[in-house]
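K.L.:
Those sequence lines, one after another, are chains A and B.
So the numbering used here is basically just the index in the first sequence, starting at one, shifted up by 740.
So the numbering used here is basically just the index in the second sequence, starting at one, shifted up by 144.
Just so you know, the hints here were simulated from the structure itself, not pulled from any lab data.
Ideal Cβ placement from N, Cα and C applies to all residues, glycine included.
Mixed in with the good hints, there may be bad ones.
[Stated by the list, open to error] Derived list of chain A stretches under chain B, where covered just means 3 residues or more per stretch with a C-beta under 8 Å from a C-beta of chain B: (1) 744-752; (2) 760-771.
[Unchecked claim] With a straight-line Cα cutoff of 27 Å, these simulated DSS-like cross-link-like pairs (lysine-lysine) come out: (3) K313/B x K750/A; (4) K178/B x K360/B; (5) K312/B x K750/A; (6) K750/A x K178/B; (7) K390/B x K750/A; (8) K390/B x K379/B; (9) K750/A x K360/B; (10) K267/B x K329/B.
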Amino acid sequence: MGVKQFLGIKWINSNPQMLFYDNITHSIQYEDCNRNHRNKKDDGKTLQRVL
Amino acid sequence: MEKHCKGYYDLIKKEMVPCKSFTNLTESGYSQCKECQEKSGFDLCLGCNGSTCQTNSNKARIFCHEGHHVYLAYFANDKLKVGTAASYRKYERILEQGALYSIFLAQTPNGRIARQIESQISKLGITSRVNSSYKMNNFIIDREQEEIDRMLMQEYESILRNIDERFKKYFIKPEYNNFINISDKVRQNLLEESRQLNLFGGMDDPTHKEYEKISKPEYISGEIQTTVGSLILLKNENKYSVVNMKSLEGWMVDFKKREIGEKNNEVFDRGER
Numbered sequence: 741m742g743v744k745q746f747l748g749i750k751w752i753n754s755n756p757q758m759l760f761y762d763n764i765t766h767s768i769q770y771e772d773c774n775r776n777h778r779n780k781k782d783d784g785k786t787l788q789r790v791l
Numbered sequence: 145m146e147k148h149c150k151g152y153y154d155l156i157k158k159e160m161v162p163c164k165s166f167t168n169l170t171e172s173g174y175s176q177c178k179e180c181q182e183k184s185g186f187d188l189c190l191g192c193n194g195s196t197c198q199t200n201s202n203k204a205r206i207f208c209h210e211g212h213h214v215y216l217a218y219f220a221n222d223k224l225k226v227g228t229a230a231s232y233r234k235y236e237r238i239l240e241q242g243a244l245y246s247i248f249l250a251q252t253p254n255g256r257i258a259r260q261i262e263s264q265i266s267k268l269g270i271t272s273r274v275n276s277s278y279k280m281n282n283f284i285i286d287r288e289q290e291e292i293d294r295m296l297m298q299e300y301e302s303i304l305r306n307i308d309e310r311f312k313k314y315f316i317k318p319e320y321n322n323f324i325n326i327s328d329k330v331r332q333n334l335l336e337e338s339r340q341l342n343l344f345g346g347m348d349d350p351t352h353k354e355y356e357k358i359s360k361p362e363y364i365s366g367e368i369q370t371t372v373g374s375l376i377l378l379k380n381e382n383k384y385s386v387v388n389m390k391s392l393e394g395w396m397v398d399f400k401k402r403e404i405g406e407k408n409n410e411v412f413d414r415g416e417r
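Chain B extracted, bound-state conformation (with noise of 0.2 Å):
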C-alpha cells in the first residue's frame, strides 16, 4: 500500500482539504507535503512562543486573532500539560489531545498572549508536550477523580502565584473539564477488579491487564472499546491493543466494518509497504 499527503485543514473553512497533487509520501517519514505544509498556514506557528510572529499567512493571523484558552491537562501518572486553544474549538482540542481531565486556567483576546502564557507556565516546568509514545504506555488513569481535581487546583495556584503580575488578568475561574465516560470505559476493559481485603484493613489496587501496544499498525482488527485522542483501545478475542492512529495518517487503507456481535468487528490492512 502508498502513503499520500493528506491534505490540510483549512482555519477558515472549518474543514479537511485533500491534497490536490495527492503526493505520493510512501517513502517519506511525513504525512503532508511541502505545499499543503504552507497552505495550513501553521507551518511556522509550530513552538510559537508569542514573542515574535513569524506566520506569513493571512490564514494564520486571522486565526490567532481570535480568542483563546490556556489549558492545564491531567495524564496517567500524575502528568501535567499546559497548552493553548482557539475558544471556539476548545473542547475538541483537548480532546484531540486524549486529556481526559483538564482545567482552563486563562481566557486571552488572542492567540499570541495565550503562547505567552504557555511559554511562562512551561518554564516553571509544566511540560507542554506529551508524546504518544507516553500516552501510549500510560493509558490507565487509576487515580480517582478527587485526587486529580485538588491537583490540578493546587498546580493551578501555585501558577498564579508564580506568573508574571502582566498576565494574572487573563486568568479565570477554573473550567474544569472531564470525560470521565471515556476513562471508566479504559478502566472498566483494562483494569481487573481483584478487590480483596489487605492485611491493613483496606482493599487491594486493581491491577491493570495487559495490553499491547501498536505504534504503527501493519494489520488490526477488533471491536472498538473507546477513543483516548488518536489513540484507540481495540478489543479482540478477550486481547486488548491501543493502537496509535496517527502513525496510519495518508496511508491507503482496507477498512472493514462489521456489526457488532459479528467475528472482528473492524479491520484495518494497510498491506505490505
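Chain A on its own, in the form it takes in the complex (with noise of 0.2 Å):
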C-alpha cells in the first residue's frame, strides 16, 4: 500500500474501517480491520421496563 497517512479508525454501518490519506492522488482509502468476523448488532433485546 505504500506511505500513507492514517487518518484513524471510523465505525462505518456499525464495521470498523481504517482510514487512509493519499497525498499523491487525494483520494481516501478504506481498510477493513475487522476482517475475521462481522459485528452484528444484537437487536432481539429490550430490557423489560415500562415508564
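Could you fit the two chains together into a complex? Lean on the hints.
P.N.:
Next up, the structure:
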C-alpha cells in the first residue's frame, strides 16, 4: 500500500474501517480492520421496563 | 516520518474532508490544525453542558437541532459512562467509544437537551469521560452479561428517581445494546480457561492472559483479532498487544497487508520521528 497518512479508525455501518489519505492522488482509502468476523448488533433484546 | 493535519469530519456531508494545506504537525501534540478545528464546527462544543450555546458555526447548530439520544455505557471493572449521540449515528457513536454494553435511556429533539440531561446525570456521580488509558488497562470484560444488564438497569432506575422532573418526559424504555461478538473475541483471546473445581465446589474464574499495552506505536505487526473503539487487539506469535490507534492519527505510515496464514498479517510502520 505504501506510505499514506493514517486518518483513524471510523465505524461505518457498525464495522471498523481504517482510513488512509493518499496525498498524491488526493483520495481516501478504506481498509477493513475486522476481517475475521462481522459485528452484528443484538437487536432482539430490550429490557423490560415500562415507564 | 511526519505528522500532518488529519482534516475534519463534515457534519452536513457526513464525510471526512482532508486538510487543504496538509499542515505539518510533527512537533505538535495535536492531530488537527486550527483551521480544520474551526471548519468542523465542533471546537466550541467540547464540554458543552447545554446551558448556553457557545458555537458560531451554522454546521454545528444544524447538527445540534437533530434528534439525539442519551446513553449509559458499561466499561470493564464496573465503570459506567453517560454520553450523548446524534440519533442517526447512535450505534456508530457507542462503537467508536468502545462501549460493548449500553442502554439508550433518553431521546431528545435536539443536542442541547441531551447535553443538559447528560450534565444532570454526571452530577449524580456517573462519569462522562473514560480515557484511552483506562480502556487499555481494562480491556477484558469478565462479568457475565446478565450482571451487566442488571447493573445498567439498576442505574437507569436510580437516575430516573433522581433526575429533574422536567427531564423525565424524554426518558424512554431503555434500548439495550450489546456487541457480544466483539467481547467474545476479546475473551477467546485473552482469557485462560483453567476451569478447575475449587474447594467450595465451584469453578475457578478464568485468568487473564498478559497483553502489551502500546499507547504510542512506532512499529507494530500482527494479526488483528478484533477492534474495540479505537483500540485494536493484535496477535503475533502467541503474544498479544492492545494498540491505541488514536495516537497514530495524522501520521504518515507504511501499512503492509498480508493474507491470513502468511507471517505478520498487518504491519504498521511510522518510522523514526
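K.L.:
Which numbered conditions among the earlier hints are violated in the structure presented, ordered from lowest to highest?
P.N.:
3, 5 and 10
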